[in-house]
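Visitor: Sequence:
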Amino acid sequence: MVVISAYFSGSETGMMTLNRYRLRHMAKQGNRSAKRVEKLLRKPDRLISLVLIGNNLVNILASALGTIVGMRLYGDAGVAIATGVLTFVVLVFAEVLPKTIAALYPEKVAYPSSFLLAPLQILMMPLVWLLNAITRMLMRMMGIKPISWLAAL
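Numbering of the sequence shown is given in the numbering used here, commencing with residue 314 and proceeding in unit increments.
Among the hints, a few may not be true.
Restricting the straight-line Cα-Cα distance to at most 30 Å, the calculated cross-link-like pairs of lysine-lysine (DSS-like) are [to be verified]:
hint, residue 1, residue 2
1, 352, 412
2, 356, 341
3, 458, 341
4, 356, 412
Don't read these hints as lab results, they were simulated from the structure.
Please model the entire structure based on the sequences and the hints provided.
Guide: Have a look at this one:
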């Protein structure tokens, strides 16, 4: 599960730190991965929601399983042990390390990750749409006007 979380974390950073001019150039040159990434980035709110949904689902599942295992092995103290261990593991291996690598090498992370993100975005569209609808509603309630690509959803 840590690997899946790292995938989502690294993908998000890789996608968001890509040089857009280079991406457009690569897409015009016929690079299929660049075209796929460009399509994903046309609706950045959908991409961010997808990544956050995936990452949160995986991290919550890891936390629940870690707590169960911790309690079976160490009783009530297992909750604290699991919390400490998982916090360290998730922060280092599923957040900081993959995000740092993706920030340094965005193309090497974003292009391959688009192979899975594109079909996942289609599969998760109802949940992504719901999350974005709630976000738009909350933004309106706070008096924040959504930018054009967000309002078009």
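Visitor: Report the numbers of all earlier hints that the structure fails to satisfy, in ascending order.
Guide: 3
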